[in-house]
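**Student:** Starting from the known structure of chain A, arrange chain B on it as the hints suggest.
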Amino acid sequence: MAMLQLKQIDSHALTSDVCPRFLAGVDPTVMSGYERLQADGDPDLIVELIDLYLADVPLRMTKMREALRQRNWLQVKREAHNLRGSSGNLGAVGMAAICEEVERTVSEHNRETEIFMDRLERAWAQTRSLLANERQRRLP
Amino acid sequence: MTLQTRQHSKRILIADDDPVMRHLLVSIVKKEGYEAVAVDDGREAFRLLQSDANFRAGIFDMMMPHLEGLDLIRYMRTEKRLQRIPVMMITAEQDLQLMARSFVAGVTVFLSKPCSAEQIESTLRILLTPTRIPRRSQPNGHVAA
Numbered sequence: 059m060a061m062l063q064l065k066q067i068d069s070h071a072l073t074s075d076v077c078p079r080f081l082a083g084v085d086p087t088v089m090s091g092y093e094r095l096q097a098d099g100d101p102d103l104i105v106e107l108i109d110l111y112l113a114d115v116p117l118r119m120t121k122m123r124e125a126l127r128q129r130n131w132l133q134v135k136r137e138a139h140n141l142r143g144s145s146g147n148l149g150a151v152g153m154a155a156i157c158e159e160v161e162r163t164v165s166e167h168n169r170e171t172e173i174f175m176d177r178l179e180r181a182w183a184q185t186r187s188l189l190a191n192e193r194q195r196r197l198p
Numbered sequence: 011m012t013l014q015t016r017q018h019s020k021r022i023l024i025a026d027d028d029p030v031m032r033h034l035l036v037s038i039v040k041k042e043g044y045e046a047v048a049v050d051d052g053r054e055a056f057r058l059l060q061s062d063a064n065f066r067a068g069i070f071d072m073m074m075p076h077l078e079g080l081d082l083i084r085y086m087r088t089e090k091r092l093q094r095i096p097v098m099m100i101t102a103e104q105d106l107q108l109m110a111r112s113f114v115a116g117v118t119v120f121l122s123k124p125c126s127a128e129q130i131e132s133t134l135r136i137l138l139t140p141t142r143i144p145r146r147s148q149p150n151g152h153v154a155a
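Note that the protein sequences, when read in sequence, are chains A and B. Take 59 as the starting number for the first sequence in our numbering and just add one per residue. Take 11 as the starting number for the second sequence in our numbering and just add one per residue.
Next comes chain B alone, as it looks inside the complex:
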């Protein structure tokens, strides 16, 4: 899979064990013109990523059963074919240290729950912006420098 192919992929991987949030994310991703591939825990996402790198981006919940969002990111950053996939991390935590650790692990953008549809949409657009710099910070979404 070349970088160019990946950037043209319309598929976005969503991993969240909260069915309300997952359905909301799927609706927003579709509305933005992308194809949502949704799974309900980190292990399922991990299994998928082992054989499929054709994703434009990933949206992961921080706290999921079996395999947490940060572990998933750490795996992705060690695999060359997955390294360039930008990832949005969603969490109900308000912990700055956790946010810092997430960016170090390779998270691209960070979104705190609860969040409005507008906040998800704007953070998603930042996530999908081809160039990483400059990216604007959002009221509830934080962007890696």
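For reference, chain A alone in the conformation it holds in the complex:
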């Protein structure tokens, strides 16, 4: 049910006129694919994965911002690459898509990267909210 809600929110977000291509999409089928890994008696695996992601992303984004400020393009690319991987594995497709654009555009004299970083911040706010709702729903 909540997965369905996630999908509905996602569909709404993707049809929004704010920034259609780069909004915070979360593909609920990715997380639901992990449900069969849940062992009896263990803490909810998906909640654990969400918690790890929610704790990790701010650290990575801070590193990206700092690397951008220092004009350390290689580090920006590296952090974007890592964030793309973890976002994709949690179904945060909006975050993953923007990270891919950061990776593609990052280079000296390129203002596009800063624009994508701003979009990433906005996408993160929405993704965090969707995942926090899903986390809440799964807790007993």
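No wet-lab data here; the hints were simulated from the structure. Beta carbons are placed, not taken as given, at the ideal position from N, Cα and C, and that holds for glycine. Any given hint could be a false lead.
Chain B regions said to be covered by chain A (calculated; three or more residues, Cβ under 8 Å) [stated by the list, open to error]:
1. 25-36
2. 106-119
Chain A is nowhere near these chain B residues, computed Cβ spacing over 10 Å in every case [said to hold, decoys possible]:
3. 18
4. 40
5. 41
6. 46
7. 54
8. 61
9. 63
10. 73
11. 76
12. 81
13. 87
14. 94
15. 96
16. 128
17. 138
**Tutor:** Chain B only, in chain A's frame:
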């Protein structure tokens, strides 16, 4: 450590700086009946491997802080006691040349991120198959010939 002992080891070394992926790998490895030994970067894995060769397999992220997955593999392939440990390399790169270089360095199977639980499981089973030939290629997992 004899080859037979190593093949009977239930321990799998996981090195990945992404906590989500690392936790997912640990869950899958445990579900498959193995013991996961997880570290969060290549240098930690390197330190562990210097004194401990009792692993059935290794699962490494390609891009890690301090020491990358490929460097770790290159080290393992120069150490006789580590040479026979099969390694799965995980990466978000879609670069065929990088994949080729990985196989040359000694990677056994290659898995592209993002990947589903099923893809990780099936690639893990290929990795743990005692005979190397024949091994089936997977939709998202690539196997060294």
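**Student:** Decide, hint by hint, whether the structure agrees.
**Tutor:** Outcome of the hint check:
For the region 25-36 of chain B, the stated coverage by chain A is satisfied: 7 residues place a CB nearer than 8 Å to a CB of that chain, which reaches the threshold of 3. Using a Cβ-Cβ cut-off of 8 Å, 0 residues of the region 106-119 of chain B lie near chain A, which falls short of the minimum of three, so the contact claim is violated. With a cut of 10 Å on Cβ distances, residue 18 of chain B stays outside the contact zone with chain A, its closest approach being about 24 Å. Some Cβ of chain A comes within 10 Å of the Cβ of residue 40 of chain B; the nearest lies about 8 Å off, and the non-interface call is violated.
Not every Cβ of chain A is farther than 10 Å from the Cβ of residue 41 of chain B; the closest lies at roughly 6 Å, contradicting the non-interface assignment. Listed as a non-interface residue, residue 46 of chain B keeps its Cβ farther than 10 Å from every Cβ of chain A; the least gap is roughly 13 Å. Against chain A, the non-interface label of residue 54 of chain B holds: every CB pair exceeds 10 Å, the least being about 17 Å. At roughly 28 Å, the least C-beta separation between residue 61 of chain B and chain A is larger than 10 Å, which holds for a residue marked as non-interface.
The beta carbon of residue 63 of chain B sits about 29 Å from the closest Cβ of chain A, which is more than 10 Å, so the claim that it is off the interface holds. The Cβ of residue 73 of chain B does not lie farther than 10 Å from every Cβ of chain A; its closest approach is about 6 Å, which violates its non-interface assignment. Distance check for residue 76 of chain B against chain A: the nearest CB is about 12 Å away, which clears 10 Å, and the non-interface claim stands. At the 10 Å boundary, the C-beta of residue 81 of chain B stays outside the reach of chain A, the nearest C-beta of that chain being 15 Å off.
With a closest Cβ-Cβ approach of about 25 Å to chain A, residue 87 of chain B is found to remain outside the 10 Å limit, as its non-interface label requires. Non-interface call for residue 94 of chain B relative to chain A: holds, since the shortest CB-CB distance, roughly 29 Å, exceeds 10 Å. Residue placement check: residue 96 of chain B keeps its beta carbon more than 10 Å from all beta carbons of chain A (closest about 22 Å). Annotated as non-interface, residue 128 of chain B brings its C-beta within 10 Å of a C-beta of chain A; the closest such distance is 7 Å.
Annotated as non-interface, residue 138 of chain B keeps its C-beta farther than 10 Å from every C-beta of chain A; the closest such distance is 17 Å.
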